[in-house]
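K.L.:
The primary structure of each chain is shown beneath.
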Amino acid sequence: MAKLKYALYTGCTARESTPELLMSTMAVAKKLGIELVLLDEASCCGASHLQDFDDFLSLVLNARNICYAEKQGLDMVTICNTCQLNTVLTKERLDHDEDIKSQVNEKLAEVGLEYKGTSSVRHFLYAIIDDYGLDKLAEKVEKPLSDFNIAAFYGCHNIRPSHVHYKHNTPEGYDPEIDEGGAMDGFETEEMMGKYNMHENPYNPTSLDRLIEALKGNSVDYDSKNKCCGFHADLQAPKTANRLTGTALLDAIDNNADMMVTPCPLCHLNMDVKQHAVAKEMGRDIALPVLHLPQLVGLALGIDPKELGLQHNVAEVNFA
Amino acid sequence: MSTERITKKLTFKTFRFNTETDFLPYFKTYEMEVGKDELVLDILNRIKWEFDGSFSYRRSCRHGICGACAIKVNGKPVLSCKQNVWELVDIFQTDTLLLEPQSKKRVVKDMIIDRSDFWEKHAKLRPYLEAEVDENPEEEIKVSPKEAEELLEADYCIQCGSCYYACPVVEVNEEYFGPAQFAKAYRFNADVRDSAKADRLETVREMGPGVWDCVKCFECAEACPKDVNPIEKITKLHNQLFEEGMAQDNVATRHAVGFKHSIVKHGILDEGELVRYSEGNIGVLKHLPEAIAMFKKGKIVMPWNMPKSKNLDEIKTLVKSSSKVKF
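Going down the list, the protein sequences come from chains A and B.
If you count by the numbering used here, then the first sequence holds residues 1 to 320, one letter each, in order.
If you count by the numbering used here, then the second sequence holds residues 1 to 327, one letter each, in order.
Don't read these hints as lab results, they were simulated from the structure.
Keep in mind the model is a prediction, meaning the values are calculated, not measured.
Built from N, CA and C at the ideal position, the CB exists for glycine as well.
One thing to keep in mind: the hints can contain errors.
[What the hints assert, rightly or not] Which chain B residues stay away from chain A? Per the calculated CB distances, all over 12 Å, these:
#: 1; residue: Asn18
#: 2; residue: Phe51
#: 3; residue: Phe55
#: 4; residue: Arg59
#: 5; residue: Ser116
#: 6; residue: Pro137
#: 7; residue: Glu139
#: 8; residue: Ser144
[Said to hold, decoys possible] Below are the DMTMM-like pairs computed for lysine to aspartate or glutamate, each with C-alpha atoms no more than 20 Å apart in a straight line:
#: 9; chain 1: B; residue 1: Lys316; chain 2: A; residue 2: Glu110
#: 10; chain 1: B; residue 1: Lys297; chain 2: A; residue 2: Glu307
#: 11; chain 1: B; residue 1: Lys320; chain 2: A; residue 2: Glu114
#: 12; chain 1: B; residue 1: Lys105; chain 2: A; residue 2: Asp223
#: 13; chain 1: B; residue 1: Lys124; chain 2: B; residue 2: Asp199
#: 14; chain 1: B; residue 1: Lys308; chain 2: A; residue 2: Glu41
#: 15; chain 1: A; residue 1: Lys101; chain 2: B; residue 2: Glu150
#: 16; chain 1: B; residue 1: Lys105; chain 2: A; residue 2: Asp251
#: 17; chain 1: B; residue 1: Lys316; chain 2: A; residue 2: Asp55
#: 18; chain 1: B; residue 1: Lys320; chain 2: A; residue 2: Asp55
#: 19; chain 1: A; residue 1: Lys239; chain 2: B; residue 2: Glu174
#: 20; chain 1: B; residue 1: Lys310; chain 2: A; residue 2: Glu114
#: 21; chain 1: B; residue 1: Lys320; chain 2: A; residue 2: Glu41
[Claimed, not checked] Here are some, though not all, of the chain A residues that point toward chain B, as calculated from beta-carbon distances under 8 Å:
#: 22; residue: Arg15
#: 23; residue: Ser17
#: 24; residue: Ala42
#: 25; residue: Gly46
#: 26; residue: Phe53
#: 27; residue: Lys107
#: 28; residue: Ser162
#: 29; residue: Pro202
#: 30; residue: Tyr203
#: 31; residue: Asn204
#: 32; residue: Cys228
#: 33; residue: Leu235
#: 34; residue: Gln236
#: 35; residue: Arg243
#: 36; residue: His276
#: 37; residue: Ala277
Bound conformation, chain A alone:
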């Protein structure tokens, strides 16, 4: 297999409030022999909030970020669900609307850039699963996570809307095997209805659970794994956000989770940093270690916890 190489769009949190995410991503990539080229030129994706204010500006900025991956001839990987969605939503619009693409490129030309649409954009989670491969990952496990019940928390923007997920978070040329199921042959169904596949069903996602099992951990079955943490309303509707975060945390705890893992740093901020405020809102004690996806992978690969930035997690992680 040729060496895997991607352009890494870190997003903002990995450079600020979740330094452990960037540390662990780089450490895991190094251990697995995946080359990540940091896109230091990239700006914030707007996180869907800039999009509420100035849609066109957000398109131009996201297109610029993709340009830098294209310039290097690399596919882009993201480590934040919200970066992932806002980047691919931009890509979707530019790739399917010549008019908007030329408007955006007119602006980009002012700084000597052009959006072409040649780089794919995927979350690092799916690069590990589909490009590196879970079987190969399983062979590299040095410290099996068999002592732990691990609750996967998927984060909305990686799995919804599913037609966007299906198009971008799946490997190229991926063709879902649909068995003799009636809907597919001789029965007219709309594109939106026939979009699910084994890869990820937004009502029963499996990727993170399969990853946990490849690391020999026990994945926790609980209803909240595909639900929302409420992060995007943290400031204006803290009660809503705390209740959504709390419901998911308690659901995991009530199903005997020893820890939670998430591919999204925004989910992580709510799940990890806010446990005290959330416990107050829910009227129950909450103490659950919450790991970033690469932190969990890194622990199983035997990487030093310090290198994975476990000292930056607010809810204490004891991994002996």
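With chain A's structure known, arrange chain B on it following the hints.
P.N.:
Same frame as chain A, now just chain B:
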């Protein structure tokens, strides 16, 4: 050619509850052979006709247009009359399907729920065209194809409630209007004949019930059987508030605008400054306990260490030339 009918043996775990006679809800299991062309509505009919005549559910048009028969199967909102059963078997890789009402806490009987909150909120957003119409018109009111496209197919909504009962905010905030309601508000706000845009915007900008409380989870987009994509319309309402100069100065609007301030200064977000700008100098104090916890763990970047994107000049140029909205 064989005329034998190909079927699959499937199990339907079905939610049952009669609020008048039952002490608690329960699940009843029905097994049946299901053909490849059968829809969820066929299964509901068969449960009633072949197993238990007391089983209750709503149905009417059978053509995906009345919105009465929406339920959830394995947690996925579906229109019973449109959803093929074998497809669900494919999607969930199981031969046991869970049939549940849209919202268990609103159940009246079995699949039938009380949708009064849905309709009451709907009515508050003036879900109709308001226009001065000449009683004796000389010619028709013309809407160009381009103007009609602006509705973004929001008029396809059949008010089945799939998005509303999938919305997590509706679950925790009783006053929140909900995705179907916002999509309808957008539908008339985008109609060139309508004259009540400002009134609707005044209603949807309220903190609590309004659009700012959306958590952007995309459950509504996923749930809609008509591909209305309600969250797109919620974003459009946000945009309209700014475009029409009707966005109030509050934590939510400052949060949206704050991104631009941060991006022009650093390229990436200054997280601490964004919170301070959004909350104001006093409001920001309530985040102090979390800020201290984060500081102790090395999760707060000091202003003098704030990282900047490379080629920041490009970003500054683009923000200047590409900004289209003012606040």
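K.L.:
If a hint holds in the structure, say so; if it doesn't, say that too.
P.N.:
To see whether the hints hold, each was checked on the structure:
The non-interface label for asparagine 18(B) is consistent with chain A: the shortest C-beta to C-beta separation is roughly 25 Å, beyond 12 Å. Even its closest Cβ contact with chain A, about 22 Å, leaves phenylalanine 51(B) beyond 12 Å, as expected for a residue assigned away from the interface. A cut-off of 12 Å between C-beta atoms confirms that phenylalanine 55(B) is not in contact with chain A; the least separation is 24 Å. Taking the minimum C-beta to C-beta distance to chain A, about 20 Å, the non-interface status of arginine 59(B) holds against the 12 Å cut.
The beta carbon of serine 116(B) is kept farther than 12 Å from every beta carbon of chain A, the shortest such distance being approximately 22 Å. Chain A leaves proline 137(B) outside its interface by the beta-carbon criterion, the shortest separation being 35 Å against a cut-off of 12 Å. Every Cβ of chain A is farther than 12 Å from the Cβ of glutamate 139(B); the closest lies at roughly 32 Å, confirming the non-interface assignment. The claim that serine 144(B) is not at the interface with chain A holds, since no C-beta of that chain comes within 12 Å of its own (minimum 17 Å).
Proximity of lysine 316(B) to glutamate 110(A) is assessed by CA-CA distance (about 11 Å); at most 20 Å being required, the pair is judged to hold. Between the alpha carbons of lysine 297(B) and glutamate 307(A) the distance comes to roughly 15 Å, so the proposed pair stays at or under 20 Å and holds. Only pairs whose Cα atoms come within 20 Å are accepted, and lysine 320(B) paired with glutamate 114(A) is accepted, the gap being roughly 18 Å. In summary, the hint linking lysine 105(B) to aspartate 223(A) is supported, as the alpha carbons are separated by about 17 Å, within the 20 Å threshold.
For the hint linking lysine 124(B) to aspartate 199(B), the alpha-carbon distance of about 11 Å falls within 20 Å, and the restraint holds. For the given pair, lysine 308(B) sits about 9 Å from glutamate 41(A) by alpha-carbon distance, which is consistent with the 20 Å threshold. For the suggested pair lysine 101(A) and glutamate 150(B), the alpha carbons sit about 19 Å apart, so the restraint of at most 20 Å is met. For the suggested pair lysine 105(B) and aspartate 251(A), the alpha carbons sit about 18 Å apart, so the restraint of at most 20 Å is met.
Straight-line distance between C-alpha atoms of lysine 316(B) and aspartate 55(A) comes to about 17 Å, which keeps the hinted pair within the 20 Å bound. The suggested pairing of lysine 320(B) with aspartate 55(A) holds, with an alpha-carbon distance near 14 Å, which does not exceed 20 Å. The straight-line distance between the Cα atoms of lysine 239(A) and glutamate 174(B) is roughly 12 Å, inside the 20 Å bound, and the hint therefore holds. Proposed proximity of lysine 310(B) and glutamate 114(A) is supported: the alpha carbons are some 18 Å apart, at most 20 Å.
Among the hinted pairs, lysine 320(B) with glutamate 41(A) is consistent with the structure: their alpha-carbon atoms are about 18 Å apart, no more than 20 Å. Interface restraint check: arginine 15(A) against chain B, minimum CB-CB distance 5 Å, threshold 8 Å, status holds. Hint status for serine 17(A): holds, given a least beta-carbon distance of 5 Å to chain B, under 8 Å. For alanine 42(A), the interface hint holds, the least distance from its beta-carbon to any beta-carbon of chain B being 6 Å, beneath 8 Å.
For the restraint placing glycine 46(A) at the interface with chain B, the shortest Cβ-Cβ distance is roughly 6 Å, inside the 8 Å limit, so the hint holds. Annotation: interface hint on phenylalanine 53(A) holds; nearest CB of chain B at approximately 4 Å, less than 8 Å. A distance limit of 8 Å between C-beta atoms decides the matter here; for lysine 107(A) the minimum to chain B is near 5 Å, and the interface restraint holds. Because the beta carbon of serine 162(A) sits about 6 Å from the nearest beta carbon in chain B, less than 8 Å, this interface hint is met.
For proline 202(A), the suggested interface contact is upheld, since its CB lies about 5 Å from the closest CB of chain B, less than 8 Å. Below 8 Å, beta-carbon pairs count as interface contacts, and tyrosine 203(A) has one with chain B at about 4 Å; its hint therefore holds. The restraint placing asparagine 204(A) at the interface with chain B holds, with a minimum CB-CB distance near 6 Å, inside the 8 Å limit. Taking 8 Å as the C-beta contact cut-off toward chain B, the hint placing cysteine 228(A) at the interface holds, the least distance being around 4 Å.
Of the supplied interface hints, the one on leucine 235(A) holds, with its beta-carbon coming within about 5 Å of a beta-carbon of chain B, less than 8 Å. Checking glutamine 236(A) against chain B by beta carbon gives a least distance of about 4 Å; that is within 8 Å, so the hint holds. For arginine 243(A), the interface hint holds, since its Cβ comes within 8 Å of a Cβ in chain B; the closest pair sits about 4 Å apart. A cut of 8 Å between beta carbons decides the hint on histidine 276(A): the least distance to chain B is about 7 Å, and the hint holds.
For alanine 277(A), the shortest C-beta to C-beta distance to chain B is roughly 7 Å, which falls under 8 Å, so the interface hint holds.
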